[in-house]
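> Residue numbers (full-length UniProt numbering): 1 to 311.
No lab work stands behind these hints: they were computed from the structure.
Among the hints, erroneous ones may be present.
[As the list claims (entries may be wrong)] Simulated pairs of lysine to aspartate or glutamate, EDC-like, Cα-Cα distance not exceeding 20 Å:
1. Lys276 x Glu46
2. Lys103 x Asp271
3. Lys303 x Glu46
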Amino acid sequence: MPQTLTPPAQAPARAPRPGTAPDPELRALAERHGLTVSGARPSLGEYTRQLWHRRHFITSFATAKLTAMYTTAKLGQLWQVITPLLNAGVYYLIFGVLIGTRKGVPDYIPFLVTGVFVFTFLQNSVMTGTRAISGNLGLVRALHFPRACLPISFCLAQLQQLLYSMGVLVVILLCFGQVPTWSWLLVLPALTLQFVFNTGLAMVMARLGARTPDLAQLMPFVMRTWMYASGVMFSINVILQGKHLPQIVVVLLNGNPAAVYIDLMRFALIDSFTHKQLPPHVWAFAGGWALLAGIAGFVYFWKAEERYGRG
């Protein structure tokens, strides 16, 4: 029988690869009917408005996270206060007693506890911010909302935790002879500026942590090093006395944002910590760090909005 040859079947047309430009006719059709790309990044102004509209979700999510943090512990929410107090006790024994950093520092225990509480606020904000996206991929992939809600809510939860701890800090201050004065009102602007700084830094770390989840394993070492350079357990002024260090080292130690916010809180709450122990232009440093971290961190996080939870 004669054989007939059939032409080879044509390969099916390939779908356009992700990231390639769509067909011009399809683009025009979509624009005519008001269609947009799924998950596209909104403008910065629109993104800010979306965050404001979800402010109730942010506060509720922060409270829920803080409550769930200690649900399995028998002491429950008391660990919010016990943990920094235990850290302060360990630092007092090692640095204050054994190493002797309490020498030349009046009211050392209020000095130490204030530094521990303030730095713990910064440390926990950065640590939880690093896992804000990578640790909540189910939520990110299931629901559509501005992803910045997550690092903001985590920082807000840490602020709530600090406010609970402030009650114990006030008791410690009173027990060691500190009397409430008008300077205690400076706690409000100092905490506000630190919260903005913490949130901006947490947004930076959230984007980096979303791309590199292993970063969360490195951050405890980074934060511990930062703590040792921030005057939590010692007075930077006392340490620098009699040492001829390069001026750049002195500027970096005094301009360290963690040290700046700790010094402001000590100045507000401790009578013996006077303005002479504050670095020059300390409020300008505090405001500048808050603006730089807050704005830069927010923009940096927003630029990767459409990539969170993908890949």
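> If a hint holds in the structure, say so; if it does not, say that too.
For each hint, the structure was consulted:
no., hint, verdict
1, Lys276 x Glu46, "45 Å, violated"
2, Lys103 x Asp271, "17 Å, holds"
3, Lys303 x Glu46, "13 Å, holds"
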